[in-house]
Every structure is written in C-alpha cells, then in structure tokens.
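*Asks:* What follows is each chain in one-letter form.
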Amino acid sequence: MSDRGKANKLMSLQEAVSTYIKDGCSITFGGFIGRDCLAAVHEIIRQGIKDLVVIDDSKTDVMDLLVGAGCVGRWEGAYLGYGSIGLANNVRRAVEQGIPRPIDLEDWSNAAVSMRFLAGGLNLPFMATRSMLGSDIIKYNSRIKVMEDPYNGTPVALVPAARPDVAVIHVQRADAMGNAQVFGFTGNDGNKARAAKHTIITCEEIIPTEEVRRGGNLTLIPFYCVDAVVHVPYGCYPQSCYGYYAYDVLFCGEYHEMSKTREGFLKWLDRYVYGCRDHLEYCSRVGWDRLKSLTYLERQFNRV
Amino acid sequence: MSDRGKANKLMSLQEAVSTYIKDGCSITFGGFIGRDCLAAVHEIIRQGIKDLVVIDDSKTDVMDLLVGAGCVGRWEGAYLGYGSIGLANNVRRAVEQGIPRPIDLEDWSNAAVSMRFLAGGLNLPFMATRSMLGSDIIKYNSRIKVMEDPYNGTPVALVPAARPDVAVIHVQRADAMGNAQVFGFTGNDGNKARAAKHTIITCEEIIPTEEVRRGGNLTLIPFYCVDAVVHVPYGCYPQSCYGYYAYDVLFCGEYHEMSKTREGFLKWLDRYVYGCRDHLEYCSRVGWDRLKSLTYLERQFNRV
Amino acid sequence: MHGSAEFVKGKNYTASELMAITTCKEFRDWEVAFVGIGIPLVAGILAKRLHAPNLSIVYESGSIGPEKFRVDFNVGDSSAADGALCLTSEWRVFGDLQGGYYDIGVLGGAQIDRYGNLNTTAIFGGGDYRRPKVRLPGSGGGNDIGSSVGRVVIMMRLEKHRFVPRVDYITTPGYLDGSPGARERAGLLGGGPVAVVTSKGVFRFHPETREMYLHTIYPGVEAEEIRQSVGWDLKIAGDLQVAPDPSEAELAALRAADPANLILGGAGARERLSGLDEFVELTLKHAKR
Amino acid sequence: MHGSAEFVKGKNYTASELMAITTCKEFRDWEVAFVGIGIPLVAGILAKRLHAPNLSIVYESGSIGPEKFRVDFNVGDSSAADGALCLTSEWRVFGDLQGGYYDIGVLGGAQIDRYGNLNTTAIFGGGDYRRPKVRLPGSGGGNDIGSSVGRVVIMMRLEKHRFVPRVDYITTPGYLDGSPGARERAGLLGGGPVAVVTSKGVFRFHPETREMYLHTIYPGVEAEEIRQSVGWDLKIAGDLQVAPDPSEAELAALRAADPANLILGGAGARERLSGLDEFVELTLKHAKR
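Chains as they are written, first to last, in the numbering used here: chain X, 116 to 419; chain Z, 116 to 419; chain C, 149 to 437; chain W, 149 to 437.
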C-alpha cells in the first residue's frame, strides 16, 4: 500500500486517465445513472482508449458514449437504458448490427452486480444471492453457479467477485489524500473503490483534510483505496450531482434524439467531446448559465 | 412489515424489554465495547430474564453483567475481555467453575461474527471469510465449513447467518418512526438491526423526522427494521457514547475490582441494578455531576 | 415504459395517465415500495399525493423514503434523494429487498407471458440472445424486485407482440412454468406478480393455475378487443369489473406530479418546452414542500 | 496485555514502557496499522508522536485514521473516533484488512509457541477447551489480524508458561506447524508474525524454518536468562543486537500519551488518581490538538 500512502494525489484528468486506464483494461464507474463521471468518460474517448471491459450495474450514459465511440469490447452488467427517455441507441447498434464494432454482453441483475462488487470489496472469491433463480439470466451466464446452501439446503446463486483494473468515481468532496465523501445515495461506490486495483476519484470540491476529519461518518472511500484525486466541477453533467446540480433532461433528450442515427451521434461527439480540449471547454460549450440554472434548481432541494 | 410501519414506536424501556425479550430467546447488542446499551442490560437483569443465547462480536460489559446475573445460557461470539483493564471475571467464573451457572461457549473471530451478521442482514444463508483458516477456532466449531471456492479453488471458511430474535442497539439520535442515526464508528449495528427479528433502539435524543430528513446519509438503520424506540440519555454509561460522554475508566475499574469475587459482584449488582428502579435512579446513584464531567470531556473532542 | 401525450378517444386523459392512476391504487399507506423509473415511479408519487401519504419509496441507487418534491427521470437523479429518511448504498437496498422489508414493486416490461414472466433483455426476432432483433436495457433491478419483493405490479401497453405465450427470455420471474410451487422450488422469496396494468384493462393471476386473466376493463373498452391483443386463449373473470374514469382530482394531482409532462408525455413534451428555464420554473412551481 | 508500574531494576522505565517504545519502532510513517487495545495501542500513538506522524491507525470498531488526542481504554471508546478520516463499520474494516489494505498489526497474547502461533482463548491446564483452567477473552479481532495483515508484531511478557513448544489452542495463526508454505496452503493472505517484543528482548522468525529466535536483548539482560524463560531450545542470532535504553524524549512522549498512566501503569495507577476530575484534567492537559 506504500505507493497509495501519499499526502497529495492531486492530478489533472488527462494525467489520471492516461496513467491508469489502458487499452484492454477492465473498468467500472461510480454513480448510478446519477453522479456518473461523464467528464472522465469524455477524456477516455479523447485519448482513444480501446477494448475496455466494463463491469457495472446500471451505467447508461457512460456506456452509450463509450460504445458509440468504439472504446468498449465487453460489457458485464445489468442495465443499459435511459429510464424515462428510451433505449440506449449506440448500445443497440453495437449489439444488433456490430456498429461501430460488436461488443460482447454478459447479463446480470443489479443485485448480482452489487454482490460481485461486495465480494470484490471484501476480497472474497464470490457472494451468494437469491436473485436470478429460475430466470434466463442464469441460463445464458455460465459464471452464475446455483448451489444448495450447506446450512439449510435452500437454493442460492453464487456470483464471482468483480476485481476491475480501474474504478473511476465522482464524488462531492475529497481531500488531496483521497478521502472521498459522498452525499445522497452511494450506489456501489464504496465497494467499487475497494474492489478495483486502481481508483480515480473525480470531485466537485477539494477540501482540506481537517474538513474531512470534522465529518468522518460521511467518508465513503478512505485514502488507502485511492490513487488519484482530480478536481472536476460539473464532472457529472448532464447528469445530476446531489447538492450541486440537477439533471439536464433536455440536454439528455437532445443527445437521445441525435444518437438515433450513427451520423447524428458522431456529430454530437464532434461537438461535445472531440471538439473540446477538456472539460472546461465542454462546460463553456454547454453554457455556464445553463449549468448555473441547474445548480440553482438543485440547491432549492439539497445542499451539502 | 405492516406492524413495523407505524409512525410512533416510542415506549418505555420496561415495556420494550418485556415485549420483545423473552426467556430463552437469542439476542445481540449494538456497539462495540463502546456505545453498548447498558441501560437495557440492567433492565433485562431487573426483569429476571433467563437462558438468553447471546450472539455477538466483542461485548464484554454487557456479557459480564448478564452472565454474572445468571441471564445467559449460551454465548456465540469473539471476545470477552476488558481491554486494558483485565479479564471478564463473571465470564471466567461461569466457564471455569459454572458459577452462577455453566454457560455454553462457541468461539468465533470478530470478522467471522461480522460476516454472520452481514449474511443475516442480507438474508443470505452464509458468508465466506478468509479468517480462521488453519486455526483451532475451526477445530472446535463445527458450524464453520471450509470449502474450496468454485471459481479459483482457494480455501475459504463459510459461516452461517446470525438471525437473532432480538437486537438492542443504542444510538445517538432516532425519530419516533425508528430511523436511527449513528455517529462515530458503527460496529455491526446496521447488519444486526436487519438480521434480528425484532429491533429495539435506545437513544440519547429523540429528534423530529424532519431532522432525520436533513441528514439521511447518517441514518444507519431505517424505520422498517425497528420495532421500538426508547429515549434513554446516558444509556451506555459507564461506556462512552461518541459526541455525548466519555468512558468512565474509574467506575469500570471499580466494577472490575469488585467483580473479582462473587460476593463483591453481587454487592455491585444490588447497588447499581436491583437497587435502582430504573435508569434514572441509576444515573442519580452514579451522580449527575460525574455524568456531566464525562459529557464535558467528550465535547472537547466530538460533537454531534 | 415511456409515455405518450395522446388522449384516449373521447376522454380527457391519455392511456399513460389512466395506467398511472390505476397503478397508484395498488399501493397502500405505510407500505414500502421498490419502484422502477418512468411511469411506475409517477404512480408511486401520485399514491403519496392521494391516498398513501406515508408510502415510502425506495430507489435501487440507495435512497429510502424521499419526500417526492419533484419527479425523477432516472433512479439516480439527485431528486431521488430529496429529503430521504436514509441515504445508503445500492447493495444495501437490494439486501433489504431480499430481507423481505419491501411490500410492493412496480415494473415495466417489453414482453410478458401468461404466467407473468417478463422480458426486458432482448427480443430475439429472427436472431438469438447474442444477436437479437432488438436489444432492450436488460434486467437492471427488475429481476431482483420480481424475485424478492412482497408483490409485483406490472405496467405494460397492451399489444399482441408484447403479450405472448412464452417470452423469448425470462428476465424477471413471474410464476415460471406455472406449475404449483414453481417459485418456491426455484428458491424465490417474493410473492410474484399480482396485477398487470395495461392501456386497456387490468389482468390478475388465478390463485391456483397462476395464469393471467382479465380482471378489470377501462370504460369504453370491449373485452373481446383485449382478448384479440393477447397471444393466448385469455380467460376473463366471471365478475369482470369496469374501472371508473379517473376523477378530476386524480388527473390534477397526476399532472402536478409530472408538471412538464416529461414522463407521461414522452419525447413530444420535451419539444413543447421553450427551454431549460421553463423546466426549472415548472419544477419549482409544482414542488410539494 | 496489561501494564505494571514497577521500574526495571536500575532503570528509569518500566518493562511496559520499554516494550511500548521498542514496538513503536516497528511502525513506519504512512503505514496503515490495525492495532489491538492496551499497550499495543499506546505503541501506535507513540509512533505517531515520534517518527511516524502520518501513521493511520484502524480500530476494529470501524474507525480509520483518528487523530490520537487521547488514549483509548477500549477499541470502542469515543476517543477511538477523535477526528477520524473515516468512521464506518466493523465488517467493513475487517473487509479492508482481508483486502490487503493494512500493513501492520500488533497483538498481545497469553501463550505463544515457537512458530508464532498465539493463544488468547483458554489455558487448558488440567482441563480442556470446554472447562479450561483459565478462560481468556477469545480471539476478538486477533485471529483476523494474524490471518490477513501485512505483518504482525506480538507483545508479550517473557514468562516460561507463556512461551511454550505448542500452544493449547491456536487462536491466531503464526506459521502453524512451521512447514514451508503452511500459511499459504491454509489459505491465509497475510505475511504472518515478524517480531515478538517481550519484557526482556525481541524475537524474530527465521526466514526458512519459520522458528522464533532471539534477535535483540535489552540492556542489562543476559541471553541465557531469556533462553531459560522459553519452553523450547531457543536459537540465538549470531549477531545478537543489544537495544539502547529509551531516550528521555521517548519516555516523555510515551508518558504524555498515557498521561494518567492507566494503560502502562495497570490497576495501581487507577488507585493513585484522586478521582474522575483528575483524570479529566490530565486528559485535557496532555491532549495533542
């Protein structure tokens, strides 16, 4: 752990991505269709990283972008859809037509993925669950093993630990050591950070370690699980970040419309990802007034 | 769950104990040699409850009293000692000499007990752990099953879920519905409340539900796991309660000295338990000035 | 499932609105509900605003019992946490689901069969699981809810290609092959589906055969029309009920719960908004605080 | 293990103080330490006050990286949480221990054998596990630390009945039967014991035979005296080290870390306090804030 025991893990998003995220590596993202680290995803796309194996629960915005940009070789997960907006167009094109490249899919349920990360986070080889029994998820996924529990003889499904190479997790507040505090729901982030070999934290605010110490009960991820800390305000936009900004349903709706065709998606990608040097330029392109409106809206309901 | 879905679960300590804790039932206690619910334990002794099966991690103060008072028939747990003060005298007398009655002991490690409650809290039949392998804990405890994990073939130990009849958990703040907020370490309390068939919350302060809603990230135990809420200020004394009062090392030292003999222990019990009608009288006997000193000391370091 | 803004012929409400109002009646006060996103969620919010103010809604992202000030577009939106009683982790709420703490779950689906099994993974069409005609979102928490929650209510538009004898893929178990004790034998803890709320009427399940039958029709709908939209020989309750039209109060409460009509109105409603500022304004105006 | 207030003959420190200071040198700056209660904990606090200010101490109750303002009498005392970086659950820190995040653990014990196996459960004497001569506290987190932490340091008073060829009960695994790869075969993840700090000297373990040998003696102690206090044919390092006396600075720092002398001084120190108010006063006076 000695390389993780450093006082200052601050770095730029470019550096964090290029240091820890390599072609072909396995990866997971924090958040849960909310608090997803979109800024980091844009940077992964800009750096042209390929053949990622994404292990995740419900991570549509992230996956639809990465799949459409051709970064993903395999998905082990539970859900790829846009809630009330619709299906994930890039994911559909990849699975149904192999565009821009085929991807290998392995289906799990969200509870199963949660248990995979709990196992990974505890350094156990597997966890049991009572989900998926009797369903076709088990029929098509040979890594789920149904057994009789040795205490009562009831059927349970075993799922293997998830141990991705990298986790990228956006949080509200972190210090330079990497102590990360999450407000609102916490998803599977506490386990993802522990299960991954390397963890990148992106955050809305960097706070002094003294401030962390005033509210240790809110620290979800302790420093010893963290390799890099990156300051990325509005790092989840267009998704919401509890206490900081609300979801931009219209921007997401526009993305969904444009991504209905491959051409439309590529246009969107050019405008908002390739056409922006970094996250700051993306924010400018979206418009600071728009971002501030969303912060105003969120703060009527939640404050950190 | 409908009987748990009530707005007001407030009751007296007497009523909560007599309603949910019966002769012969299995029970676990919150805290971890700190934030233990001593007031509830005194009430259990006063009500003369017998043959308890205690399933717990490290719970010395609670167990030494209950064992000395003859309330315990069996212990499944990990640690019964007084940290820097010494061994647990009543536990020793019961195990070595059967005084006041023999108790059945089953040894586990703290991680194993933690996994038993995690399994219980997730309604799973078992959990795996990499603790206890190669040790005599496994040799003398036939409920620990060593298996090769079906994914990598490494040895793991399986431990069965703990599902006690009752959990009694002292917290800093709770509302009348039973939403319980814990500050400082949380031990295994989140899992114990879920694993138990009935959960009694004792607390330093009753807060309005509106106040719970202002800090939902601090709610360790949601209302649907809770049957009774009891307001018991200084409910952990002589143990500490983070943010409320510090440990009374001298009172505990005196208890330890007195409990070296059976006669001394019975004298202590008469004075502080049988001789007090309720927790309020116990506090008076200890002395409110003494309690306020400990609150003063604690608040120099931690505030809720 | 997604909404549409079109009124039912001759009525002052849309099919989505009718479904939301019908579903909302399945929730009881003081229950704990594990609800998926989209119209199911609006039904939960509506129940809280009407007859079940103490209903606690749980989101798989890890939010327990939020105050429903504003509508959510995803289970992970910050709105899902507004004033929650407990903000925790995803694995924890799935554990509580498995622990039997949640009374009711509401799910959408793309395909359902006569025993209430749901498919939200893939429509095979000419293809198969690996290369399907339509790739759907997958289970998400749907399988978990269907496996472990007390009782399940399903919301689906009634269309013949959706109501099939056997789903292509069982994402979420209903009564499996319908044989007695099939769920228990598989190891499932939850009670299984109790109702399928559609755009034309409500189906329930026969207590012995576990087969879905028509229980209630909406005003102006013929049972025969429904029978034609189902891919098996549908049985109809002897005492077939006719649901009343939604009341003005119900419609008003529903429309206030989704003030920009973005859930119930679908993509069209987005285009009718002048922009983000109007959305912010509508949200704040109708927030129940 | 518990303290005693008696000075070592001809010295200005007690055996407990010497052990705490010797142990403290095993901690390195920036490490994460999982430390049991009593003298081991004081050694950790001392290391933070001397050469390892960025040492993070973890308590099994669920506290990670507290500022050590005041001493703890139990792992669950509120003091264990003072200014912690992360306050979480017991199962979580045991998971992190199992995950390899913790570098060093320090344990006490009642009985140890030549391969570093520890007994903190029961001294059988004429009896057995069910009815032992002395019932000890049990594993607590000791087994877990010994199983999974990076390296283990053990603190024990050197007495012949404690240093035995084979412990009555292996509570915490050392190198088990000492055979090559015994820990790995059992499935243990941690590195095992590296040092046994006693009241007379420090033992370490041979890298191949895994047998405990005498590595360092304290000033004024004879190796033969130690050999007589061990229940097997003890090997002694060819280059046997002699530890220096603790410095004044070390002793002062140690005494400030346990200002009422309640850990290092044992029961006698409690009696020397005039009352709770003096304890409160001493604690506040020496709190490092």
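Take these hints with a grain of salt, some might be off.
Here are the simulated lysine-lysine pairs, PhoX-like style, with alpha carbons at most 20 Å apart [unchecked claim]:
#: 1; chain 1: W; residue 1: 383; chain 2: W; residue 2: 308
#: 2; chain 1: Z; residue 1: 312; chain 2: Z; residue 2: 121
#: 3; chain 1: Z; residue 1: 407; chain 2: W; residue 2: 433
#: 4; chain 1: X; residue 1: 375; chain 2: C; residue 2: 433
#: 5; chain 1: Z; residue 1: 375; chain 2: W; residue 2: 383
#: 6; chain 1: W; residue 1: 281; chain 2: W; residue 2: 308
#: 7; chain 1: X; residue 1: 312; chain 2: X; residue 2: 137
#: 8; chain 1: C; residue 1: 383; chain 2: C; residue 2: 308
#: 9; chain 1: C; residue 1: 433; chain 2: X; residue 2: 407
#: 10; chain 1: Z; residue 1: 165; chain 2: Z; residue 2: 312
#: 11; chain 1: X; residue 1: 121; chain 2: X; residue 2: 165
#: 12; chain 1: Z; residue 1: 260; chain 2: X; residue 2: 260
#: 13; chain 1: C; residue 1: 281; chain 2: C; residue 2: 308
#: 14; chain 1: X; residue 1: 121; chain 2: X; residue 2: 312
#: 15; chain 1: Z; residue 1: 382; chain 2: Z; residue 2: 407
With the Cβ distance kept under 7 Å, some of the chain X side facing chain W (calculated, not the full set) [to be verified]:
#: 16; residue: 294
#: 17; residue: 331
#: 18; residue: 339
#: 19; residue: 388
#: 20; residue: 390
#: 21; residue: 406
#: 22; residue: 407
#: 23; residue: 408
#: 24; residue: 410
Reference excerpt, derived from the structure (chain C facing chain Z, CB under 7 Å, subset only) [claimed, not checked]:
#: 25; residue: 212
#: 26; residue: 217
#: 27; residue: 233
#: 28; residue: 246
#: 29; residue: 247
#: 30; residue: 379
#: 31; residue: 380
#: 32; residue: 382
#: 33; residue: 384
#: 34; residue: 407
If you are wondering where the hints come from, they were derived from the structure by calculation, not from laboratory data. Just so it is clear, CB atoms sit at the ideal spot from N, CA and C, and this is done for glycine as well.
*Asks:* Hint by hint, say whether it matches the structure.
*Replies:* Hint by hint, here is what the structure shows:
Taking the CA atoms of residue 383(W) and residue 308(W), the gap is near 15 Å; set against the 20 Å cutoff, the hint holds. The hinted pair formed by residue 312(Z) and residue 121(Z) meets the criterion: a straight-line CA distance of about 17 Å does not exceed 20 Å. Of the pairs offered as hints, the one joining residue 407(Z) and residue 433(W) holds, with about 19 Å between alpha carbons and a cut-off of 20 Å not exceeded. Restraint check for residue 375(X) and residue 433(C): the C-alpha separation of about 33 Å exceeds 20 Å, so the hint is violated.
Annotation: proposed proximity of residue 375(Z) to residue 383(W) is violated, straight-line Cα distance about 40 Å (limit 20 Å). A threshold of 20 Å between alpha carbons decides the hint, and for residue 281(W) with residue 308(W) the separation of about 17 Å falls inside it, so the pair holds. Among the hinted pairs, residue 312(X) with residue 137(X) is consistent with the structure: their alpha-carbon atoms are about 13 Å apart, no more than 20 Å. Straight-line distance between C-alpha atoms of residue 383(C) and residue 308(C) comes to about 15 Å, which keeps the hinted pair within the 20 Å bound.
For the suggested pair residue 433(C) and residue 407(X), the alpha carbons sit about 19 Å apart, so the restraint of at most 20 Å is met. A distance of roughly 19 Å separates the Cα atoms of residue 165(Z) and residue 312(Z); the hinted pair therefore holds under the 20 Å criterion. A threshold of 20 Å between alpha carbons decides the hint, and for residue 121(X) with residue 165(X) the separation of about 30 Å lies outside it, so the pair is violated. Only pairs whose Cα atoms come within 20 Å are accepted, and residue 260(Z) paired with residue 260(X) is accepted, the gap being roughly 19 Å.
Between residue 281(C) and residue 308(C) the CA atoms are separated by roughly 17 Å; this keeps the pair inside 20 Å, and the hint holds. With a C-alpha separation of about 17 Å, the suggested pairing of residue 121(X) with residue 312(X) holds against the 20 Å cut-off. Of the supplied pair hints, the one linking residue 382(Z) and residue 407(Z) is violated, its CA atoms being roughly 26 Å apart against a limit of 20 Å. Checking residue 294(X) against chain W: minimum C-beta separation of about 5 Å stays under 7 Å; hint holds.
With its C-beta approaching chain W no nearer than about 4 Å, residue 331(X) sits inside the 7 Å limit, and its interface hint holds. Below 7 Å, beta-carbon pairs count as interface contacts, and residue 339(X) has one with chain W at about 5 Å; its hint therefore holds. With a least beta-carbon distance of about 35 Å to chain W, the hint placing residue 388(X) at the interface is violated under the 7 Å criterion. The interface hint given for residue 390(X) is violated, since its Cβ lies 40 Å from the closest Cβ of chain W, which is over the 7 Å cut-off.
Hint on residue 406(X) is violated. Least Cβ distance to chain W is approximately 31 Å, over the 7 Å limit. With a least beta-carbon distance of about 32 Å to chain W, the hint placing residue 407(X) at the interface is violated under the 7 Å criterion. Nearest Cβ of chain W to the Cβ of residue 408(X): about 35 Å, over the 7 Å cut. The hint is violated. Here the hint on residue 410(X) is broken, as its CB sits about 28 Å from the closest CB of chain W, past 7 Å.
Taking 7 Å as the C-beta contact cut-off toward chain Z, the hint placing residue 212(C) at the interface holds, the least distance being around 5 Å. Because the closest C-beta pair between residue 217(C) and chain Z is about 11 Å apart, greater than 7 Å, the hint is violated. A least Cβ separation of about 5 Å between residue 233(C) and chain Z falls short of the 7 Å threshold, and the interface hint therefore holds. A cut of 7 Å between beta carbons decides the hint on residue 246(C): the least distance to chain Z is about 5 Å, and the hint holds.
At a threshold of 7 Å, the smallest CB-CB gap from residue 247(C) to chain Z is about 4 Å, leaving the interface hint in force. Among the interface hints, the one on residue 379(C) is violated; its C-beta lies about 36 Å from the nearest C-beta in chain Z, farther than the 7 Å criterion. This hint is violated: residue 380(C) has a C-beta 35 Å from the nearest C-beta of chain Z, more than the 7 Å allowed. A distance limit of 7 Å between C-beta atoms decides the matter here; for residue 382(C) the minimum to chain Z is near 33 Å, and the interface restraint is violated.
For the restraint placing residue 384(C) at the interface with chain Z, the shortest Cβ-Cβ distance is roughly 32 Å, beyond the 7 Å limit, so the hint is violated. Hint status for residue 407(C) relative to chain Z: violated, with the closest Cβ pair at about 22 Å, above 7 Å.
Checked against the numbered hints given earlier, the structure breaks hints 4, 5, 11, 15, 19, 20, 21, 22, 23, 24, 26, 30, 31, 32, 33 and 34 and satisfies all the rest.
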